[in-house]
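Chemist: Heads up: the sequence shown begins at 1 in the working numbering, then just goes up one per residue.
These are computed hints drawn from the structure, not numbers from a lab. We put the beta carbon where it would ideally sit given N, CA and C, even for glycine. Treat the hints with caution; some may be incorrect.
[Claimed, not checked] Restraint-style ranges between C-beta atoms, simulated for each label pair:
1. Leu276 with Trp171: 42 to 50 Å
2. Ser497 with Pro457: 20 to 28 Å
3. Ala514 with Ser115: 51 to 59 Å
4. Glu559 with Ser176: 40 to 48 Å
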Amino acid sequence: MILLDSRRLTGANLYWNDPAAIIDIGLRGEETKALIDTWAHEARLLLSDLGRGDAQLTHRGWDGGVSLLISAPIDALYSMCELNELAWRLAEASLGQKGRIEERASRERELERLSELFDEEATPRLIEIQDEAAQHAALFLWDDDEVSVGAGRSRMVWRAGELPSPCAVPWSSLKSIPVAMVTGTNGKSTTVRMAAVIIKAAGHVGGITSTDSILVGDTIIDRGDYSGTGGARTIMRHPNTEIAVLEVARGGLLRRGLGVPQIDVALITNVAADHLGEYGINSVAELIEAKFIVRRALTGSGALILNADDAGIVAHAAGLDQALQDQVQWFSLAADNSIVRGHVDCGGIAYVLEAGWLTLLSPDGVQKIVAVADIPAALDGAARHNISNGLAAMGLCSVLGLGPEAIREGLVQFRGDASDNPGRGNWFEHRGVRMLVDFAHNEHGMSALADMVSRVPANRRVLTIGQAGDRSDQDIIALTLAACTMRPDQLMICGLSGYERGRSSEEVKAVIHAAALTAGLDESRISEYPDPVTAAAHALGHARDGDLLVFLALTQRDEVLGLIRDFLGT
């Protein structure tokens, strides 16, 4: 038995809606039931001895291990993590005999230590404000540094150690703002950026989080991956945010849970194999379940917008309770999709591609919103993944109350270039050379990219590719095989410095190289480079009329874009 991780789940999560202390244990399958039973017994004894018998326990087994949870108030999560780890150690000692006497002898000392920890962490005023916020249906957010109620212009924020009495808070002045969460495997960042342009076209200030930055209106608050709870809190607390659209990635969902407890829209773009093997998620079906965590924050009047072209999402949605199914809205690239048609026939709402138009289907009838030909990011229909993203953004913004004119104007204005969607489908052209910079990093995203690239004529295709070391050989091979469907005349394999994550760049490059040979590429068409910048510089230095250069800039994106700007002479 190995303790893999111990952490706090601070919001609604894969297991339930409550905060909790969680530990992940790696172990063999035959040991799982005995550990769960013994851990639960030890945990309940500890909780009872500490006067916390009302805490709830749950668990989830997965291939290679088990996750063990104990619920806790938000001012007891650190201490509960300590208790959870102690319960596991006692269970391990009991099952394995080794160290049993020592663990039992130290139990009383540990109980005393835990009692002190719980007392030190307890913050009654924090719980009072949380309870009062719930009574007034006001948004309540907290972290180790700050506590806030309300959102946007009406929010109030305090330092964690300087909380007011709940009776001193002007609860009636706190207002809510429209909030959407966007998750999925691919298309999240593009969809939230499309939504940001639509929000601006409607005359509102959007607060946007993504894997690249925090953006309020046209102002970048900070750069970096803010697809977790921290970015969400920052946006909700910003005084200028009028509508919030939050990208939510798998890591944040599983590591901490949801950062905002109440939202109006939850959108799932698609779900495919990516980052499997982390946090006990070992299959696409389990990943789909994890992505559906966003449903837990939906208000009763909110909408769950789902991709009807994704068979896994469709299958999982069929198992939702009826109340949640009633909140579902679908989007699809096929107007005759049977799921969509059945949904609309029963009075539901859907967003589809029909006869070259992004179209709204509702009980009120059929409404054409914007022609694909007018959406620059759709590349006259070649970029079908961006048409799908456009449908998703259209649905999200429609639920948030933005009208069809703003949706049309926003999608027409969204160019999909390095300015409004950096690193995602950015096209350039100079002296007969076309260049594309993209972030495709898994088989699903690469297949969509290859489909688009195959529709673009070129005399010669040059492709740069790399991958992080924490992906399995199977995932890297699948990525490479999908990339090779572009039929590259030159494949430039790059190392990703800083993303080795457990194995050398040379080892990852060797896996890509072998997969490319398996795909039928001749050895003479394959070359290797230390990083994406070196590869891009070589490709641009040898570019000629009629070339299509595809740069998969998973790292050093800004540097690659800088080389392209130099090539363009801008």
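Chemist: State for each hint whether it applies.
Modeler: Hint by hint, here is what the structure shows:
no., hint, verdict
1, Leu276 with Trp171: 42 to 50 Å, "holds, 45 Å"
2, Ser497 with Pro457: 20 to 28 Å, "violated, 35 Å"
3, Ala514 with Ser115: 51 to 59 Å, "holds, 57 Å"
4, Glu559 with Ser176: 40 to 48 Å, "holds, 41 Å"
The structure shown violates just one earlier hint, number 2.
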